[in-house]
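K.L.:
Based on the sequences and whatever the hints tell you, model everything.
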Amino acid sequence: KMSSGAADLRQRKKQNCTESDKMAPEERNKENSKLGRSPKYMLIQRFAKLFFGCLAAVTSGMMYAVYLSTYHERKFWFSSRQELEREITFQGDSAIYYSFYKDLLKAPSFERGVYELTHNNKTVSLKTINAVQQMTLYPELIASVLYQASGSEEVIEPVYFYIDVVFGLQGIYVTALFVTSWVMSGTWLAGMLTVAWFIINRTDTTRIDYSIPSRENWALPYFACQVAALTGYLKKNLNCSAEKFCYLLVNASTYTFVMMWEYSHYLLFVQAVSLFLLDSFALAQTEKVHEVYRIYLFSVIVGYLLQFENSALLVSPLLSLVVALMLSKSLQMNMKKSTFVSRLLKIMYIYLVLTVAVTLNFLLKMFIPHKENEHLLKFIEVKLGLNTTKNFTMNWLLCQESLQAPSQDFFLRLTQSSLLPFYILVLIICLFSVTQVIFRRICGEPLKETVKLEDGRIGERPEIVYHVIHTILLGCLAMCLEGMKYLWTPYVCMLAAFGVCSPELWMTLFKWLRLKAVHPILLALILSMAVPTIIGFSLWKEFFPRIMTELTELQEFYDPDTVELMTWIKRQAPVAAVFAGSPQLMGVIKLCTGWMVSSLPLYNDDDLLKRNENIYQIYSKRSAEDIYKILTSYKANFLVIEDSICNEVGPVRGCRVKDLLDIANGHVVCEEGDNYAYSKYGRFCHEIKMNYSPYVNYFTRVYWNRSYFVYRINTVISFQS
Numbered sequence: 001k002m003s004s005g006a007a008d009l010r011q012r013k014k015q016n017c018t019e020s021d022k023m024a025p026e027e028r029n030k031e032n033s034k035l036g037r038s039p040k041y042m043l044i045q046r047f048a049k050l051f052f053g054c055l056a057a058v059t060s061g062m063m064y065a066v067y068l069s070t071y072h073e074r075k076f077w078f079s080s081r082q083e084l085e086r087e088i089t090f091q092g093d094s095a096i097y098y099s100f101y102k103d104l105l106k107a108p109s110f111e112r113g114v115y116e117l118t119h120n121n122k123t124v125s126l127k128t129i130n131a132v133q134q135m136t137l138y139p140e141l142i143a144s145v146l147y148q149a150s151g152s153e154e155v156i157e158p159v160y161f162y163i164d165v166v167f168g169l170q171g172i173y174v175t176a177l178f179v180t181s182w183v184m185s186g187t188w189l190a191g192m193l194t195v196a197w198f199i200i201n202r203t204d205t206t207r208i209d210y211s212i213p214s215r216e217n218w219a220l221p222y223f224a225c226q227v228a229a230l231t232g233y234l235k236k237n238l239n240c241s242a243e244k245f246c247y248l249l250v251n252a253s254t255y256t257f258v259m260m261w262e263y264s265h266y267l268l269f270v271q272a273v274s275l276f277l278l279d280s281f282a283l284a285q286t287e288k289v290h291e292v293y294r295i296y297l298f299s300v301i302v303g304y305l306l307q308f309e310n311s312a313l314l315v316s317p318l319l320s321l322v323v324a325l326m327l328s329k330s331l332q333m334n335m336k337k338s339t340f341v342s343r344l345l346k347i348m349y350i351y352l353v354l355t356v357a358v359t360l361n362f363l364l365k366m367f368i369p370h371k372e373n374e375h376l377l378k379f380i381e382v383k384l385g386l387n388t389t390k391n392f393t394m395n396w397l398l399c400q401e402s403l404q405a406p407s408q409d410f411f412l413r414l415t416q417s418s419l420l421p422f423y424i425l426v427l428i429i430c431l432f433s434v435t436q437v438i439f440r441r442i443c444g445e446p447l448k449e450t451v452k453l454e455d456g457r458i459g460e461r462p463e464i465v466y467h468v469i470h471t472i473l474l475g476c477l478a479m480c481l482e483g484m485k486y487l488w489t490p491y492v493c494m495l496a497a498f499g500v501c502s503p504e505l506w507m508t509l510f511k512w513l514r515l516k517a518v519h520p521i522l523l524a525l526i527l528s529m530a531v532p533t534i535i536g537f538s539l540w541k542e543f544f545p546r547i548m549t550e551l552t553e554l555q556e557f558y559d560p561d562t563v564e565l566m567t568w569i570k571r572q573a574p575v576a577a578v579f580a581g582s583p584q585l586m587g588v589i590k591l592c593t594g595w596m597v598s599s600l601p602l603y604n605d606d607d608l609l610k611r612n613e614n615i616y617q618i619y620s621k622r623s624a625e626d627i628y629k630i631l632t633s634y635k636a637n638f639l640v641i642e643d644s645i646c647n648e649v650g651p652v653r654g655c656r657v658k659d660l661l662d663i664a665n666g667h668v669v670c671e672e673g674d675n676y677a678y679s680k681y682g683r684f685c686h687e688i689k690m691n692y693s694p695y696v697n698y699f700t701r702v703y704w705n706r707s708y709f710v711y712r713i714n715t716v717i718s719f720q721s
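The opening position of the sequence shown corresponds to residue 1 in UniProt numbering, with each subsequent residue numbered one higher.
Because the hints were derived from the structure by calculation, they are not lab data.
Keep in mind that a hint or two might mislead.
What the hints assert, rightly or not - Simulated crosslink set (DSS-like; lysine-lysine; CA at most 25 Å straight-line):
#, residue 1, residue 2
1, 610, 383
2, 390, 378
3, 390, 610
4, 102, 288
5, 329, 244
6, 236, 49
7, 236, 629
8, 629, 390
9, 365, 610
10, 570, 127
11, 365, 383
This one's a predicted model, so the numbers in the text were calculated from it and none came from an experiment.
P.N.:
Here it is as structure tokens:
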């Protein structure tokens, strides 16, 4: 029975493809004969439109990649720097990612390099880690293979190849947004406007300026390709070859996205919820939506196997939701009908899916051993005010700007570029139209097979409804956490550009206004060309000079103190030495020198989080003996104290590292509404600089400059006072 059902489904889909392929040319021929146009003329016109649109999309992506490369060169003077000075520009976790890329290139063979990364005991003291799994190093594996296989060793330096690959992916990102807006609106003018808004609002659309190797810079271009393909796949009356192409592209990009970013399944979960709502209101073909669910399932299972049995994917909300949706599919059989029973079934279906998904996720977490970002769940509890904590790591995360609510400056920037006002206008029109369509469906009115321009029903197009739901969900997340704006703002650019360039959107508005003085179709066509043209000219006039100034203005990034520190380590420190200090600095030391460190700037491992908190105690009010015991427990030989942390004057009192440590250690006293730090010991990073007992008994200063103080941790302790 199951095989016959599957065969019926394939036969039905094949018939639908055949029917649509036959119907589309017939309808076009009828329309062309009415307008007095020959099929040959229309074919040439369509080909020219497609050719120039693709040319504009590819050119936009290439120009953006060149723009990023030029801006990066102007900012860091990369071409005139020595290798050490270039590597210092990689900060925090970026330094760790690039250091492993260097290690792969230095390995005698690719296989040996991968083995050393999966059994890495030369990075963190007393710890062997699978760096490929723990840090999602698949981008570095691919980059190293491409660098060696393409014979680029004699043509380009490894660092240039690495950053150029990332900039190239950003070009693909922009091209995918261009295509998405073009597919939705029918004009590549929308794609051009999308790219313009994306670049002008670069501060809020991408983190490429601050962290080139970050995982989202590798992963989000693939997600943008997936969204573009999904947009085409959801369209009605799509011919069979185009549908197959979109399906294959969704499949490939979804799998690649899962492999590139450890948090990809959360973003796919938001997308799956959007598709679930789209299907629940019967606004899309159920077969297509369930095909996408199967793609999710395939990507998660293959990702689990290739990511060294990554249990985080098995306990992810995405997998639980997809399994629940597929199990509940049988209840959808009669939901498309407009009967009272079908409406009850629809409510039952939504309730059943949510119940099964939550229950399944709970059971999976009970029976599958995992450490799936427990600190993330605790963070959400504290963020929502459901709990309070004195934990250093949790409070440090809460103080990060990316995890705060977005500032007023963010909305002001989007408004100044005219993006936010047009986005709100487009969203309101689409949302009201979708609401009308849902109400009609509840009342029993079927959807039209083909929506014409004069109908003014933009809310009946499934790809539009999907994007409306998706952007609302991402927007809700962005309103809670500023870091989520990098996921939301690119699609704000795309949706706003689509709307102002779409005659259907203007026609939908005029249908509500019931215009009679002017022909609404003619006015809609005029506005869909005039409004984006006016916006484009105003953006060109105001922002183009600023962008050119960025590219012509020479900036200077030079950190002589860090260069001196790295040079001293490479020349004076023993090869087997282990360094301790702030995780951000340890990442740079690992990259620039190759020496072993005691901690890393990673926040997805409980042991590393505990290490970071313990080593940060060098900035607390603890005794020399306590600090000595902590450092020697990790076999550290050298301690690096940063003056910028020790004497930090933060804009928000209570968010400095030393304040958070005082709270965690219970060294805070409240008097008359003010908080004061109190301990019988002075702050370690201050006291150790005084060179008196007992500090000199445990530590010996061996190097210092304006920013850093390096101490050797004594193995033989003298207790003379």
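K.L.:
Now tell me if each hint is right for this structure.
P.N.:
Against the structure, the hints:
1. 610 / 383: Holds - the C-alpha atoms of residue 383 and residue 610 are around 21 Å apart, at most 25 Å.
2. 390 / 378: holds (12 Å)
3. 390 / 610: holds (14 Å)
4. 102 / 288: violated (43 Å)
5. 329 / 244: holds (23 Å)
6. 236 / 49: Measuring from Cα to Cα gives roughly 21 Å; hence the hint holds.
7. 236 / 629: violated (67 Å)
8. 629 / 390: holds (23 Å)
9. 365 / 610: Status holds; Cα separation ~23 Å.
10. 570 / 127: With Cα atoms ~23 Å apart, residue 570 and residue 127 stay inside 25 Å; holds.
11. 365 / 383: holds (23 Å)
Hints 4 and 7 from the list above are not met by this structure, while the remaining hints are.
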